[in-house]
Amino acid sequence: MPHQANAGSVGESADVTPLVQLVTPTGERVHEPDNAGDRPGYAARVAHLGADDLRAMYRDMVLTRRFDDEATALQRHGELALYAQSTGQEAAQVGPAHALAPQDMVFPSYREHGILHVRGVDPVDRLRLYRGQDHGGWDPAEHNVSLYTLVIGSHVLHATGYAMGVQRDGAVGTGDPARDTAVVACFGDGATSQGDVSEALVFAAVNDAPVVFWCQNNQWAISEPTTRQSSAPLYRRGEGFGVPGVRVDGNDVLACYAVMAEALERAHAGHGPTFVEAYTYRMGAHTTSDDPTRYRERAEEEYWRRRDPIERLAALLRAEGHWDEQWAADLAAEADALGESLRAGVRALGAPETTSMFDHVYATPHAQVTAEREWFETYESETGDAAEVAR
Amino acid sequence: MSTETMPLAKAITAGLRAALDADDTVLLMGEDIGRLGGVFRVTDGLQKDFGEHRVVDTPLAESGIVGTAIGLAMRGYRPVCEIQFDGFVFPAYDQITTQLAKLHNRSGGRIQVPVVIRIPYGGGIGAVEHHSESPEALFAHTAGLRVVSPATPQDAYDMMRAAIASPDPVIFLEPKGRYWSKGEVDLEAPVPTIAADAGTPDPLGTARVARAGTDVTLVAYGPTVATALSAAEALAEEGTSAEVVDLRSVSPLDVPTVADSVRRTGRCVVVHEAPSFLGAGAELAARLAEECFYHLEAPVLRVGGFHAPYPVAKLEHEYLPSVDRVLDAVDRAMSH
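Protein chains in written order, with my numbering: chain D, 69 to 459; chain X, 78 to 413.
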C-alpha cells in the first residue's frame, strides 16, 4: 500500500480518512519526510518542479477553466447541444496529465477537458461531440487519448484490455522511460457502482496490468451524493481485488501530480495497477441540462468555492515568489484569445453531410447499409429542395 | 487439395489454429478455454501449442471478457472471445452493443475493433436453462455487428478464418447441436477475405443454395439447415421439389440469393430455432413481399421457436422446428 501522508479535512462531508496533500488550501507547502520506507515520499516527487513547471500547471488550469466557461456560454447561445463542465476539477486533471509519459494512453470519461488540454487535443475538436456534430471528434492515436465514453464505466474495461496489450507488446518493465507504457482510466464516483469497473479491477489485478484507475470523486453523480454509491471510502475499493489504493487531495495539483507519478512508476515497472481516489468537488452542474439547486446546499458550494484549486496554486506561486504581474496579464490575454478562437471555431463548424450517417458503420461493405444509403441518396436527390428547407 | 473428414467443432478448432499460426496478433480469450480446452473442447490443445498469453483463461466475467477484448483490439490485437453458452452472453450485451458495435463509427473510422465473439448456440442437447437459446436477432438488430452461423464443417473452417480476418466485429454463432456432424474440410482452402468493393461477393455474407429445387424454397441457417435438408428429402419422396438456401449470415442478410430462388419457386418457408416473432424470418418475409410480390404463390411462412422462454429439456423437441413442422408449413404453402 502506498502510504498516506498528511491528514487534512477537505470538506464538511469528508470523513477522517487521511489523504495526500502537499499544498494547503491557503497555499502553504505541507512538509513530510523525503522517504516513506523504501520509497520516495510524495513531497520528494515534486521537489524537482521549478517555477516554470508550476506556472505551466497554473496556465493549463486557467485555460481549462476558461475553456469551460466559454463552452458553457456557447451552450447557452445554442451553439452546443450540451456541455459537461470540469470546473473545480482542474487540479485533478492537469496534475496527473503533467505526470504522464508521451506514450502513456488515457481513457477519459467525458469531462476530462483538462487532460485533453494538456495532451494537446484541439479545443474545437473537444466540442464536436457536444455540438451534435460528431460522436468522437479527434484521433486517439495522435494524442494518446481515447474518445469520450458516455456509457458510465465501459471504457475502464477498454483501458484494462489496452494495458493487457501493452504487456503483450513487452512495453512494461524494460526500464526504458521512452518505452514503458501505462494506461490511465478516468472515471468518477458514480462509475464505481458499475459492474464494469469492478470487472476491470479483477482483470487488471490478476494480470498485473499497467493501469492507473484514476477516480475523480467530485462528490456528486448528477443528483446523488457519493454516500449513495459507497458506504466505504472509495480509495479502498481496490483492496479486495488486490489493487492498492490511495486518496489524494484532488484540489492540490502537486499532490495529484505526485500520486499519479507514483502510480505510473508502478505501472511502468510492471508492478501492476493502482486505484487513486482524487477527492475533489464538481463546482458546476453535472451538465448544462442539470440544476444543482434542486439537490444540494448553497453553503456547500460556497465552502468549496473557497477551496478553488486554481486559487490554491496561485497562492503557492505568490508565497514562493513565482508570481509575476506581467506574466499573469499575458496569461489573461492568452485565455481571452482562447475564448475568441473557440467561439469562432465552433461557429464555423458546418453541419455534417446528411449521408455521413452511413459512413464507418462497418469497415467493410455491408449489404444493408449499402442499400439504405443508395435509397437515401436517391430520395434526397429527388426531394432535395424539400429536404433542404426542412433542415 | 487435402481434405479431411471431421466434425463441425473440430473444423472450428482447425480454423482457430490456422489463424493463430498465421497471425501473432490473434488471441483466444474465454472461460475454461485453456487447460480444459473449453466445455465443448473446441479450443482443445491450443493453449499447449500457443501459450497462456495467446490462449487466455479469463476471469468468469463476460462483460470483462468483451470489454478487455475491445481494449486489446484498440492496441492492435485480434481477440477471439468464447462465451461459454448463448444464455451467458447477456452480461456482455452492453459492451457488445454500445461499444464493440459503435467504436468504428464513433471514431469516424479511425478505430477498428476486429473482435470475434464465438457463441455456442441453439438447442437440442438436453441442457438446463440458459444453455439452448438463439439470440441472433438481438445482435443483428445492432448496426456495426456481423452475425453469422455456419452449417457445415467446411463453412465453419472458412467462416471462422474470414471472421478473424474481418476488420469488423463478428458474432460467430456455433450450432452446438451440430458440433459432431461430420463433413469434408479442405484445410488448404485460402482464407476468404471481404473485399473493399461493395460489388464483390461477401464471403461472410453470401447465402448458398444447399439443395436445388423448383416448387418451394426452404430458408435456414446454422442448426436448421440440416432440418431443412431432411424435410426436402421427405418432400422429394412425395414428389415435391424443395430448394434449400443456407443463409450463413443474418447480418448482412443475402436477400438477393433468397429472392432469386423464390422468384423461381413462388413459395418460401423460413426455418430457425429463434422465436418467429420479430426474428430473421419476419424480416425475410417483409423483404420478399417487397421484392417478389408478383412471383409469390403463397404467403411466406415461418417455422421457429415460440414466444415463450426456451422450455425445459423434456419439452424442447416440441419447441424446436422439426422436420414434421417444416412439412406442415410446406403443405400450407402448397395449398394456395
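Calculated from the structure, these hints are not laboratory results.
It is possible that some hints are incorrect.
Stated by the list, open to error - Coverage of chain X stretches by chain D, computed from C-beta distances (three or more under 8 angstroms per stretch; other residues unrestricted):
| id | segment |
| --- | --- |
| 1 | 168–179 |
| 2 | 284–290 |
| 3 | 321–333 |
| 4 | 370–379 |
As the list claims (entries may be wrong) - With the C-beta cut set under 10 angstroms, the calculated list includes, among others, these residues of chain D facing chain X:
| id | residue |
| --- | --- |
| 5 | Ala115 |
| 6 | His116 |
| 7 | Val224 |
| 8 | Met232 |
| 9 | Val251 |
| 10 | Asp376 |
| 11 | Ala435 |
Claimed, not checked - Cβ pair distances, simulated, as ranges:
| id | chain 1 | residue 1 | chain 2 | residue 2 | range |
| --- | --- | --- | --- | --- | --- |
| 12 | X | His384 | D | Asp427 | 34 to 40 angstroms |
| 13 | X | Pro244 | D | Glu408 | 28 to 34 angstroms |
| 14 | X | Glu81 | D | Glu450 | 37 to 43 angstroms |
| 15 | X | Ala266 | D | Thr242 | 39 to 45 angstroms |
Note that CB positions come from ideal geometry on N, CA and C, so glycine has one too.
Hint check results:
Evaluation of the coverage hint for the segment 168–179 of chain X: fulfilled, as 6 residues show C-beta separations to chain D shorter than 8 angstroms, against a requirement of three. Here the segment 284–290 of chain X counts 0 residues with a CB under 8 angstroms from a CB of chain D, which misses the bar of 3, and the coverage is violated. Evaluation of the coverage hint for the segment 321–333 of chain X: fulfilled, as 5 residues show C-beta separations to chain D shorter than 8 angstroms, against a requirement of three. Chain D is given as covering the segment 370–379 of chain X, and this is violated because 0 residues of the stretch bring a CB closer than 8 angstroms to a CB of that chain, at least three being needed.
The interface hint given for Ala115(D) is broken, as the beta carbon of that residue sits about 34 angstroms from the closest beta carbon of chain X, more than 10 angstroms. Because the closest C-beta pair between His116(D) and chain X is about 31 angstroms apart, greater than 10 angstroms, the hint is violated. Satisfaction of the interface hint for Val224(D) is found here, the shortest Cβ-Cβ separation to chain X being roughly 8 angstroms, below the 10 angstroms cut-off. Interface restraint check for Met232(D): the shortest CB-CB distance to chain X comes to about 6 angstroms, inside 10 angstroms, so the restraint holds.
A distance limit of 10 angstroms between C-beta atoms decides the matter here; for Val251(D) the minimum to chain X is near 8 angstroms, and the interface restraint holds. For the restraint placing Asp376(D) at the interface with chain X, the shortest Cβ-Cβ distance is roughly 34 angstroms, beyond the 10 angstroms limit, so the hint is violated. At about 4 angstroms, the closest approach between the beta carbon of Ala435(D) and any beta carbon in chain X falls short of 10 angstroms, and the interface hint on this residue holds. Look at His384(X) against Asp427(D): about 37 angstroms separates their beta carbons, and that is inside 34 to 40 angstroms.
The hinted range of 28 to 34 angstroms is not satisfied by Pro244(X) and Glu408(D), whose Cβ atoms lie roughly 41 angstroms apart. Distance hint for Glu81(X) and Glu450(D): a CB-CB separation of about 55 angstroms, inconsistent with the stated range 37 to 43 angstroms. Under the hint 39 to 45 angstroms, the C-beta atoms of Ala266(X) and Thr242(D), about 41 angstroms apart, fit the expected range.
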